[in-house]
Amino acid sequence: MKGKHFLILALAFLMLVPGFIFAQPAAEASKASTMRLAWWGNPTRDERTYKAVEMFQATYPEITIETETTGWGGYWDKMNTQAAAGSLPDLMQHDYAYMLQWVQRNQLADLTPYVQKGIIDLSKINESFLSGGRVDGKLYGISLGTNAVCLTYDPAVLAKAGIAEPDSTTWTWADFERIALEIYRKTGVQTIPFFTTDPKVGFDNMIRQTGKATYGKTGLGFTDPSVLREFYAIQLRLLDAGALIRPEIAFVSVSPEEGAFAKGQSWVEFIWSNQYVSTQAAAKRPLKLALLPNIKGATAKGTFLKPSMFFSIPASAENPEAAAKFLNYFLNDLSVNDFLMGERGVPIPDDVREHMATKVDTINKQIFEYISLASKNAGPIDAPDPAGSGEFLKMVRDVTQEILLKRVSLDEGVSRLMTRGNQILK
Amino acid sequence: MKQLSARKRAWMDDFSGYAFISPWLIGFFAFSIIPILFSLYYSFTKYDILGDPVFNGLENFRTMATDELFWQSLKVTFFYAFVSVPLRLIFAFFVAMLFNRGTRAIRVYQAIYYVPSLVGGSIAVAVMWRRLFMADGALNAALAKIGIVTDVSWIGDPNTAIWTLIILAIWQFGSSMLIFLAGLRQIPKELYEAASIDGAGALRKFSHITVPQITPVIFFNLVMQLINGFTVFTQAFVVSGGSGDPLNSTLVYALYLYQRAFKYYDMGYSSAMAWVLVLIIGLMTGIVFKTSSSWVFYEAKEGK
Chain A
999 MKGKHFLILA LAFLMLVPGF IFAQPAAEAS KASTMRLAWW GNPTRDERTY
1049 KAVEMFQATY PEITIETETT GWGGYWDKMN TQAAAGSLPD LMQHDYAYML
1099 QWVQRNQLAD LTPYVQKGII DLSKINESFL SGGRVDGKLY GISLGTNAVC
1149 LTYDPAVLAK AGIAEPDSTT WTWADFERIA LEIYRKTGVQ TIPFFTTDPK
1199 VGFDNMIRQT GKATYGKTGL GFTDPSVLRE FYAIQLRLLD AGALIRPEIA
1249 FVSVSPEEGA FAKGQSWVEF IWSNQYVSTQ AAAKRPLKLA LLPNIKGATA
1299 KGTFLKPSMF FSIPASAENP EAAAKFLNYF LNDLSVNDFL MGERGVPIPD
1349 DVREHMATKV DTINKQIFEY ISLASKNAGP IDAPDPAGSG EFLKMVRDVT
1399 QEILLKRVSL DEGVSRLMTR GNQILK
Chain B
47 MKQLSARKRA WMDDFSGYAF ISPWLIGFFA FSIIPILFSL YYSFTKYDIL
97 GDPVFNGLEN FRTMATDELF WQSLKVTFFY AFVSVPLRLI FAFFVAMLFN
147 RGTRAIRVYQ AIYYVPSLVG GSIAVAVMWR RLFMADGALN AALAKIGIVT
197 DVSWIGDPNT AIWTLIILAI WQFGSSMLIF LAGLRQIPKE LYEAASIDGA
247 GALRKFSHIT VPQITPVIFF NLVMQLINGF TVFTQAFVVS GGSGDPLNST
297 LVYALYLYQR AFKYYDMGYS SAMAWVLVLI IGLMTGIVFK TSSSWVFYEA
347 KEGK
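Order-wise, the sequence lines are chains A and B.
Numbering-wise (our numbering), the first sequence opens with residue 999 and increments by one.
Numbering-wise (our numbering), the second sequence opens with residue 47 and increments by one.
Excised from the complex, chain A in its bound form (with noise of 0.2 Å):
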């Protein structure tokens, strides 16, 4: 009978040993060298990705680097938990939209002790590159890339409609307009609605050419509506041109290949130059890149180059400087990023963007043609986004199809859009 319970016992305990016992051998390695990595991606940056931490763990065998991926949604879910938890790895991918957030809530490291020692190279980057990771004088990210907002349009139907290609630099939107409803008038061929994913991108464009931001200290930014209403006006005056691609088709969220622009119903899709691989790719033919189009009587530039991502390490990293070992030798070494082909945007060191123009495909050659043609008609960025941007750029889409689908006139719209805007970011 005692032998009975025991052995009752025992199976029962038996079924939570499994539990303790393997866990113990990760936590004893963890005792060496070891950091964690975690972005997010596809499948082509992590193949890219795990190629480097293999090449970076030939190069100094006494670190081992374990690796966490997923996708940009679930990514940020699992990054903000294990803030939470106290449990971040010690070499993360961020982004400029949380980066402020982040750096208030004091997760993030300084990395300008690492610069000093000289474990992270910087010399061979322009300051205009960095300045998106610095908040109030201190280095919280180093870019991985730089991105830049365009506008890609497709050549043979312009050729089609015997519209000569314009030359970004100096177009207005007025141009844009009349290109557009010319096309239209001579192929058939409409336009797709501004920035339909985030709309915010498409004024804040035309906002920054008045020297204004969208976000101010509080609230928003700027007091004079008359360039939002703009945006929306020509977009209205297309659609009742018939011009424009009807609202009800164009904000359905939709795979590249299913969107109307890699459909050929419009001649113009607006992106950002990081999305020109997957959006030529679902276009199937060729296609070119612009600076969007100028307002009139601009004072200032629209167009920014942006950080795509950055490499940050938080401020509860176990091992930093493994951490900063490994940003130092993914950032600049010439021999991996020949594996990472500037997936994660244009390089930012000197060299390394030089030395990758020889290399990369035509596509990318494209994109590494606009980034050149970008810098050289940049503004300085604005600073990251503040708290409450999420909510406010869901309104601003809410807005921007109740204006489209004519539920609300196009002076209430944009006013709607001015007193939320105040109210969410306050």
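Where hints are given, some of them may not hold.
As the list claims (entries may be wrong) - Here are the simulated distance ranges between beta carbons:
#1 1083/A to 63/B: 32 to 40 Å
#2 117/B to 1084/A: 35 to 43 Å
#3 63/B to 1115/A: 53 to 61 Å
#4 1060/A to 111/B: 54 to 62 Å
#5 1153/A to 136/B: 53 to 61 Å
#6 1381/A to 83/B: 34 to 42 Å
#7 1337/A to 168/B: 32 to 40 Å
What the hints assert, rightly or not - Derived PhoX-like pairs: lysine-lysine, alpha-carbon spacing no greater than 20 Å straight-line:
#8 121/B to 1424/A
#9 121/B to 1392/A
#10 309/B to 1392/A
To be verified - A partial selection of chain B residues facing chain A, derived with a Cβ cut-off under 7 Å:
#11 96
#12 99
#13 100
#14 178
#15 181
#16 183
#17 201
#18 202
#19 203
#20 205
#21 287
#22 308
#23 309
#24 310
Worth flagging that the hints you see were computed from the coordinates, not collected in a lab.
Glycine included, every Cβ here is placed at the ideal spot set by N, Cα and C.
Knowing the structure of chain A, use the given hints to seat chain B on it.
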């Protein structure tokens, strides 16, 4: 063994029992009870995950009163639940009636008709639904074949988008159907035989035997599906790409709660929303239970 007192032995019995179910108990406490209590606490705080939760009393609940999207999501959810649940149940009941005739091939059909319930929340369905209901999708192509030419984007028009989700809900009738079928098989054959002898037609048998006999199953399905309807998330998430598009017309309650939590990192507010949803579901279920005595037929009550 003889030395052990009866008390000690009882304790040993209890202990080994608990030890055996401990994997479940640990899971239940670690992943259900403790998180539930935390979310109750968070619902009275302002909490953005990165910082520490700050107690702010009833502020979250006060914010809801003026939050347009909160009311919009309630409106969408009530509409969705009140339309899709009855339609799904009627459809499931109808299909179960067809299957109740019982040929051998029925088993195969049962399996096939259950598949939508399994795949309903997958990305493949999201893609398929877009292809069906886009302006140049399959539905419009089919309508054109029968002479109705339209270029309505069913999935992109704020007036029609919610209906694509309702159709998806009806399409996932499998589990309700299986339960109905089991219920139908339980109805004693003698009742039908007796009714036939008394000269009752098919319609009369349906309304006087089938429906009354099946009311306990209807009741069970109604409660389960009502809860499902109010907590719907996956279908709305995948079909609208997580946005509740177009114009928040598919922004169901759980989707808005998710956006608040994981897009705006407003954990306090979304916890408060979760508890409000618990109250709403509790209330709706309570109402169904209260009314059940007047329409659910239990054999045990017969003969009173």
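For each hint, the structure was consulted:
1. Residue 1083/A and residue 63/B have their C-beta atoms about 33 Å apart, which keeps the hinted 32 to 40 Å range intact.
2. A C-beta distance of roughly 37 Å is found between residue 117/B and residue 1084/A, which places it inside the suggested range of 35 to 43 Å.
3. Checked against the hint of 53 to 61 Å, the C-beta distance between residue 63/B and residue 1115/A comes to roughly 60 Å, which is consistent with it.
4. Between residue 1060/A and residue 111/B the Cβ separation comes to about 59 Å, which falls inside the hinted range of 54 to 62 Å.
5. Between residue 1153/A and residue 136/B the beta carbon distance is about 56 Å. The supplied range of 53 to 61 Å therefore holds.
6. Range check, residue 1381/A to residue 83/B: about 39 Å between beta-carbon atoms, so the 34 to 42 Å window is met.
7. At about 34 Å, the CB distance of residue 1337/A to residue 168/B agrees with the hint of 32 to 40 Å.
8. Taking the CA atoms of residue 121/B and residue 1424/A, the gap is about 28 Å. The hint is violated against a cut of 20 Å.
9. For the proposed pair residue 121/B and residue 1392/A, the alpha carbon gap of about 19 Å is at most 20 Å, so the pair holds.
10. Only pairs whose Cα atoms come within 20 Å are accepted, and residue 309/B paired with residue 1392/A is accepted, the gap being roughly 10 Å.
11. The criterion of a C-beta within 7 Å of any C-beta in chain A is met by residue 96/B, whose closest approach is roughly 4 Å, and the hint holds.
12. Because the closest C-beta pair between residue 99/B and chain A is about 10 Å apart, greater than 7 Å, the hint is violated.
13. Annotation: interface hint on residue 100/B violated; nearest CB of chain A at approximately 13 Å, more than 7 Å.
14. A hinted interface residue such as residue 178/B counts as satisfied when its beta carbon comes closer than 7 Å to some beta carbon of chain A; here the least separation is about 12 Å, so the hint is violated.
15. Contact between residue 181/B and chain A, as hinted, is supported at the beta carbon level, the nearest pair being about 5 Å apart and thus within 7 Å.
16. For the restraint placing residue 183/B at the interface with chain A, the shortest Cβ-Cβ distance is roughly 10 Å, beyond the 7 Å limit, so the hint is violated.
17. The interface hint given for residue 201/B holds, since its Cβ lies 6 Å from the closest Cβ of chain A, which is under the 7 Å cut-off.
18. Taking 7 Å as the C-beta contact cut-off toward chain A, the hint placing residue 202/B at the interface holds, the least distance being around 4 Å.
19. Hint status for residue 203/B: holds, given a least beta-carbon distance of 5 Å to chain A, under 7 Å.
20. At its closest, the beta carbon of residue 205/B sits 10 Å from a beta carbon of chain A; the interface hint therefore is violated under the 7 Å criterion.
21. The criterion of a C-beta within 7 Å of any C-beta in chain A is met by residue 287/B, whose closest approach is roughly 3 Å, and the hint holds.
22. Nearest Cβ of chain A to the Cβ of residue 308/B: about 5 Å, under the 7 Å cut. The hint holds.
23. The beta carbon of residue 309/B comes within 5 Å of a beta carbon in chain A, closer than 7 Å, and the hint placing it at the interface holds.
24. With a least beta-carbon distance of about 5 Å to chain A, the hint placing residue 310/B at the interface is held under the 7 Å criterion.
In this structure, the hints that do not hold are numbers 8, 12, 13, 14, 16, 20, in rising order.
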